[in-house]
Amino acid sequence: MMTTLSVENLTCGYNGHNEPVLADVNLTARPGEVLALIGPNGAGKTTLLRAMSRVLRPQRGHVRLNGHNIWELPAQQVARQVACVAQNTRLAWPYTVRQVVALGRFPHRGWLSPYTADDRRIIEEALNRTGLWAFRERPLHTLSGGEQQRAIIARALAQAPEVLLLDEPVAHLDLKYQVTILDLVRELADGGLTVVVSLHDLNHAACYADRLALLAKGQLLAIGEPAAILTAANLEAVYDTQVVVSQHPLNHVPLVTPVPGSMRRPAA
Amino acid sequence: MSHRRYFVTLLGLTGLLVMVLLLSLGLGAVHLSPAEVWAALAGRTPWGETANRNADRVTAVIIWDFRLARTLLAAGVGAALAVAGAAFQGLFRNPLADPFVMGASSGAALGATLAIVLNLTVTWGGFGAVPLAAFLGALIAVALVYFIAESVGSAPPAIALLLAGTALSSLFSAAVSMLTVLSELRLHEVFFWLLGGLGGRSWPHLWAMLPYLALSLIALQALARPLDVLAFGEEAAQSLGLEVRRARLLVVAAASLATAAAVASSGIIGFVGLIAPHAARLLFGPAHQRLLPASALLGALLVVLADDLARTVLAPLELPVGVLTALLGAPFFLYLLRARREALGD
Numbered sequence: 000m001m002t003t004l005s006v007e008n009l010t011c012g013y014n015g016h017n018e019p020v021l022a023d024v025n026l027t028a029r030p031g032e033v034l035a036l037i038g039p040n041g042a043g044k045t046t047l048l049r050a051m052s053r054v055l056r057p058q059r060g061h062v063r064l065n066g067h068n069i070w071e072l073p074a075q076q077v078a079r080q081v082a083c084v085a086q087n088t089r090l091a092w093p094y095t096v097r098q099v100v101a102l103g104r105f106p107h108r109g110w111l112s113p114y115t116a117d118d119r120r121i122i123e124e125a126l127n128r129t130g131l132w133a134f135r136e137r138p139l140h141t142l143s144g145g146e147q148q149r150a151i152i153a154r155a156l157a158q159a160p161e162v163l164l165l166d167e168p169v170a171h172l173d174l175k176y177q178v179t180i181l182d183l184v185r186e187l188a189d190g191g192l193t194v195v196v197s198l199h200d201l202n203h204a205a206c207y208a209d210r211l212a213l214l215a216k217g218q219l220l221a222i223g224e225p226a227a228i229l230t231a232a233n234l235e236a237v238y239d240t241q242v243v244v245s246q247h248p249l250n251h252v253p254l255v256t257p258v259p260g261s262m263r264r265p266a267a
Numbered sequence: 000m001s002h003r004r005y006f007v008t009l010l011g012l013t014g015l016l017v018m019v020l021l022l023s024l025g026l027g028a029v030h031l032s033p034a035e036v037w038a039a040l041a042g043r044t045p046w047g048e049t050a051n052r053n054a055d056r057v058t059a060v061i062i063w064d065f066r067l068a069r070t071l072l073a074a075g076v077g078a079a080l081a082v083a084g085a086a087f088q089g090l091f092r093n094p095l096a097d098p099f100v101m102g103a104s105s106g107a108a109l110g111a112t113l114a115i116v117l118n119l120t121v122t123w124g125g126f127g128a129v130p131l132a133a134f135l136g137a138l139i140a141v142a143l144v145y146f147i148a149e150s151v152g153s154a155p156p157a158i159a160l161l162l163a164g165t166a167l168s169s170l171f172s173a174a175v176s177m178l179t180v181l182s183e184l185r186l187h188e189v190f191f192w193l194l195g196g197l198g199g200r201s202w203p204h205l206w207a208m209l210p211y212l213a214l215s216l217i218a219l220q221a222l223a224r225p226l227d228v229l230a231f232g233e234e235a236a237q238s239l240g241l242e243v244r245r246a247r248l249l250v251v252a253a254a255s256l257a258t259a260a261a262v263a264s265s266g267i268i269g270f271v272g273l274i275a276p277h278a279a280r281l282l283f284g285p286a287h288q289r290l291l292p293a294s295a296l297l298g299a300l301l302v303v304l305a306d307d308l309a310r311t312v313l314a315p316l317e318l319p320v321g322v323l324t325a326l327l328g329a330p331f332f333l334y335l336l337r338a339r340r341e342a343l344g345d
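So the protein sequences, as listed, match chains C and B.
Heads up: the first sequence begins at 0 in numbering that gives the first Met the number 0, then just goes up one per residue.
Heads up: the second sequence begins at 0 in numbering that gives the first Met the number 0, then just goes up one per residue.
Calculated from the structure, these hints are not laboratory results.
No incorrect hints appear here.
Quick list of simulated restraints, FRET-style, between CB atoms:
1) F6(B) / G144(C): 33 to 41 angstroms
2) Q86(C) / F331(B): 32 to 40 angstroms
3) M18(B) / W70(C): 52 to 60 angstroms
4) L170(B) / D189(C): 55 to 63 angstroms
5) G191(C) / E234(B): 24 to 32 angstroms
6) L142(C) / L10(B): 27 to 35 angstroms
Here are a few chain C residues that sit away from chain B, every Cβ distance over 12 angstroms (derived from the structure):
7) G191
8) G223
9) A227
10) A232
Glycine residues also receive a C-beta, built at the ideal position from the N, C-alpha and C atoms.
Kindly produce the complete structure, drawing on both the sequences and the hints.
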């Protein structure tokens, strides 16, 4: 189950707009690593994840799953290997947490095959792993934001994927849930999964990712280890904001701190 | 809800429907007790008389030639509309969707009006021109809406379908109004047909709608899991491996076939397809595998009861059953809104 997801000369856009949202992006996500997508709002992070999850058709270029163009594979086959956690999930009806997680088995069972004992074991494992066992019979919408996000991650785990794509999984969550979810993501990658995650918080990216891909205005500016990407020069150019980059006291990855306006050095 | 409780409740509802059907057979100008109804039913089958000859001949004729087919047809129409409503609500992720969101009612109305106004006399398999034209009108309208929406391409597909459905419905309704105004003499006939009713319906109507109903019920039941996946939205459904386009086409086709068959049998009966799925969702939760059969049962119950009232309240005058479903349904719907907000969606 060593699965590589790669992007070749990927250009994506939306109908009626001339400017592509992503232009000529190349990158490869490898098994066992967390690849974090960082960059300002509108950089193209979500578009890249949508293209990688076979939802958005590229205008040019390809997304390849172990070398196969994902648009030449059936949706079901891709979904057996690639799971996706979107930024906002609005469920139309009050399904319970267990029903939501069970739908992660859809790509493996299709329209009609009944769920097997195996499926039930995988569903229970996903509930346990995300700490949702106690919530399993509650309607999803009665849970807090963090719990709902974990339920969608549990659904992705029930897909038993080899690649996990997450779009801002900790946005709007409090400190505890940020850490629990990112710890889980790290653990999954250490277990052999290929993880691509978009993150706003650069320090999250530094702590949890093996490599960072810095995007701005639809272009991939740099890709590499946190220390190589999170430099003051890179960040000030992309975010147009002064930052101080120091070292994390515990794991020595870069620690990014924005500089408040009152403390800014005068422009050169 | 556990499997066991689900099946017990479903069985209970089925028992209730059978009881209501038996009681309904006793209602009318000649009142019959349940025992007389039972004796008449036991005395014959649709294929001829049985050895049991205890039943009175007149009672047997009333039951077999007049009331039974009509009552069963009411149940079938209710089931068809309710299942179509549940399917469209699921497809559009919208609690306000009903069997007519894609223009089936206005298409049927236009077909029926044309047949009435033009005085068409085509018959086929025991059917007059009006139900045939309504059936075709409904299917043509939905097909038009579907192909227009698919060819627009810019809006999200489900929303494009809703918008195209609304636009074409208005267009067809305008055409119906124009035709009725232009042919004053037939105005009453058109108006009465549009309100929906089961008066004078008999076995050929029932036999004609049953295959479509059965086909739609089976097809939609097979689409239960895709409808669940669609509750996450079309993009998430696709990333879960659903071929969304194919699933959407099948849901539209199956639900529209059920709707067209219902409309051809009884005119446009409103509210059942909106309300029965909500009531079923309250009782059994949102998972479509359970929701669809439960909706069918509740829809059947609602239309049978409405038809009972329609032919007894002002007897010998018969009210359009569509008026009764709205009279019964609207207050119940408001109650649901008040009592269980979450069941109508988030």
